[in-house]
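*Asks:* Next come the chains, spelled out residue by residue.
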Amino acid sequence: MRSNWWKILCVVLLAYAIIGGLLLPVPARHILNETIRNLYFHVPMWFGMMLLFGISFYHSLMYLRKQDMNYDIKAVAFLKIGVLFSCLGMLTGMEWAKYTWGEPWSNDPKQLATAICMLSYFAYLILRGGIKDEEKRAKISAVYNVFAFAMMIPLLFVLPRLVDSLHPGNGGNPGFNSYDLDSRMRLVFYPAVIGWFLLGYWISTLHVRINQINHKRDNTF
Amino acid sequence: MKKVSISIILLLLSLSAMAQENAPEMADKFRADGKIYVVVLVLATIFAGIIAYLIRLERKISKLEKED
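Residue numbers (the numbering used here), protein chains in the order written: chain A, 1 to 221; chain B, 1 to 68.
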């Protein structure tokens, strides 16, 4: 139980994010109206995705250094849950955009860059599916994961900020930081980010443990 | 004099109406009806269900780990 404290923290933070996120006061804004509360649910998906991809990147690097299959198992698990988070982030973003920007897909630079980033991670999973030999699969996909993570940084943090975008914080648009994300929203937003990330981390560890058992029993996963 | 005062009152009334139109719409009525709590309840239920399932998975995997 002592090693599971962060799971309890995750549940508490998420319960607070769901209940507080719907009931606590938020700033009134035109167009956004009450949908501003999506910030507590849509944005943490992306934060969670980036952190999970970061952990996966670390394990891929460690695999290349130590050639230990355990690192490969971890890299895949964190990456898969990261991909799940990115799909959820994309879907919630399109739902939100439908009612605020007018259409689910408006070729917004950040939407496009994120789509490219997601495709590069889908390719990782397809690449793995195509290689039978486990050692080879682990090595090639680790190298590819390093590349995909290195691509993610400019795609999500640099390119969308160079051009005008509908997303806040890009181009000529003011970010949530400047005035929208006021102290009342921070009070829910940061716990929500930590809570959703911990949930992703939790699911990933379950995935890791199943694959570790499989690897131990049948020497494959 | 009377006409002027009436027109001033009407002008003020229309201004206040405009100001109200300009305020961003929030779910005030929904909140006043008390129905927002239904949504909170539904979300909390789904969340509780997902967490319960995760805990069940967690237990099953721990069992498998002990078997090995």
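Bear in mind the hints are in silico, worked out from the structure with no lab data behind them.
Even for Gly, the Cβ is constructed at its ideal location relative to N, Cα and C.
Be aware that a few hints might be false.
As the list claims (entries may be wrong) - Short, incomplete list of chain A residues facing chain B, as computed with Cβ under 10 Å:
#  : residue
1  : N4
2  : L9
3  : C10
4  : A15
5  : I18
6  : I19
7  : L22
8  : P27
9  : L84
10 : L88
11 : I203
12 : Q212
13 : I213
14 : K216
15 : N219
What the hints assert, rightly or not - Among the chain A residues that face chain B by a calculated CB cut under 8 Å, a handful are:
#  : residue
16 : L14
17 : E34
18 : T35
19 : Q67
20 : A115
21 : M118
22 : L159
23 : V163
24 : R209
Said to hold, decoys possible - Result set (PhoX-like, lysine-lysine): computed pairs, CA atoms no more than 20 Å apart in a straight line:
#  : chain 1 : residue 1 : chain 2 : residue 2
25 : A       : K66       : A       : K139
26 : A       : K136      : A       : K216
27 : A       : K216      : A       : K98
28 : A       : K216      : B       : K66
29 : A       : K7        : B       : K60
30 : A       : K7        : A       : K132
31 : A       : K80       : A       : K132
32 : B       : K60       : A       : K216
33 : A       : K7        : B       : K63
34 : A       : K7        : A       : K66
35 : A       : K98       : A       : K136
36 : A       : K216      : B       : K63
*Asks:* All the hints need checking, so say for each whether the structure fits it.
*Replies:* Hints, one by one, checked against the model:
The criterion of a C-beta within 10 Å of any C-beta in chain B is met by N4/A, whose closest approach is roughly 8 Å, and the hint holds. Because the smallest distance between the Cβ of L9/A and any Cβ of chain B comes to about 13 Å, over 10 Å, the interface hint for this residue is violated. About 9 Å separates the beta-carbon of C10/A from the nearest beta-carbon of chain B, less than 10 Å, and the hint is met. Proximity of A15/A to chain B holds as hinted, the smallest CB-CB distance being about 7 Å (cut-off 10 Å).
Because the beta carbon of I18/A sits about 5 Å from the nearest beta carbon in chain B, less than 10 Å, this interface hint is met. Using the Cβ-Cβ criterion of 10 Å, the hint placing I19/A at the interface with chain B is satisfied: the shortest such distance is roughly 6 Å. Taking 10 Å as the C-beta cut-off, the interface hint given for L22/A holds, the closest approach to chain B being about 5 Å. For the restraint placing P27/A at the interface with chain B, the shortest Cβ-Cβ distance is roughly 9 Å, inside the 10 Å limit, so the hint holds.
Hint on L84/A is violated. Least Cβ distance to chain B is approximately 13 Å, over the 10 Å limit. For L88/A, the shortest C-beta to C-beta distance to chain B is roughly 13 Å, which exceeds 10 Å, and the interface hint is violated. Because the closest C-beta pair between I203/A and chain B is about 7 Å apart, less than 10 Å, the hint holds. A distance limit of 10 Å between C-beta atoms decides the matter here; for Q212/A the minimum to chain B is near 8 Å, and the interface restraint holds.
Using the Cβ-Cβ criterion of 10 Å, the hint placing I213/A at the interface with chain B is satisfied: the shortest such distance is roughly 5 Å. With a least beta-carbon distance of about 6 Å to chain B, the hint placing K216/A at the interface is held under the 10 Å criterion. The interface hint given for N219/A is broken, as the beta carbon of that residue sits about 13 Å from the closest beta carbon of chain B, more than 10 Å. Interface restraint check: L14/A against chain B, minimum CB-CB distance 6 Å, threshold 8 Å, status holds.
Hint status for E34/A: holds, given a least beta-carbon distance of 5 Å to chain B, under 8 Å. For T35/A, the interface hint is violated, the least distance from its beta-carbon to any beta-carbon of chain B being 10 Å, above 8 Å. Residue-level restraint check for Q67/A is violated (minimum Cβ-Cβ distance to chain B is 23 Å; threshold 8 Å). Because the smallest distance between the Cβ of A115/A and any Cβ of chain B comes to about 27 Å, over 8 Å, the interface hint for this residue is violated.
With its C-beta approaching chain B no nearer than about 23 Å, M118/A sits outside the 8 Å limit, and its interface hint is violated. For L159/A, the interface hint is violated, the least distance from its beta-carbon to any beta-carbon of chain B being 32 Å, above 8 Å. For the restraint placing V163/A at the interface with chain B, the shortest Cβ-Cβ distance is roughly 28 Å, beyond the 8 Å limit, so the hint is violated. Taking 8 Å as the C-beta contact cut-off toward chain B, the hint placing R209/A at the interface holds, the least distance being around 5 Å.
Taking the CA atoms of K66/A and K139/A, the gap is near 11 Å; set against the 20 Å cutoff, the hint holds. Taking the CA atoms of K136/A and K216/A, the gap is near 19 Å; set against the 20 Å cutoff, the hint holds. A distance of roughly 47 Å separates the Cα atoms of K216/A and K98/A; the hinted pair therefore is violated under the 20 Å criterion. Only pairs whose Cα atoms come within 20 Å are accepted, and K216/A paired with K66/B is accepted, the gap being roughly 13 Å.
Between the alpha carbons of K7/A and K60/B the distance comes to roughly 16 Å, so the proposed pair stays at or under 20 Å and holds. With a C-alpha separation of about 35 Å, the suggested pair K7/A and K132/A falls outside the 20 Å cut-off, and the hint is violated. Taking the CA atoms of K80/A and K132/A, the gap is near 19 Å; set against the 20 Å cutoff, the hint holds. Between K60/B and K216/A the CA atoms are separated by roughly 17 Å; this keeps the pair inside 20 Å, and the hint holds.
Distance hint between K7/A and K63/B is fulfilled; the C-alpha atoms sit about 18 Å from each other, no more than 20 Å. Between the alpha carbons of K7/A and K66/A the distance comes to roughly 30 Å, so the proposed pair goes past 20 Å and is violated. For a cut-off of 20 Å, the pair hint linking K98/A to K136/A is broken: about 44 Å separates their Cα positions. Of the supplied pair hints, the one linking K216/A and K63/B holds, its CA atoms being roughly 15 Å apart against a limit of 20 Å.
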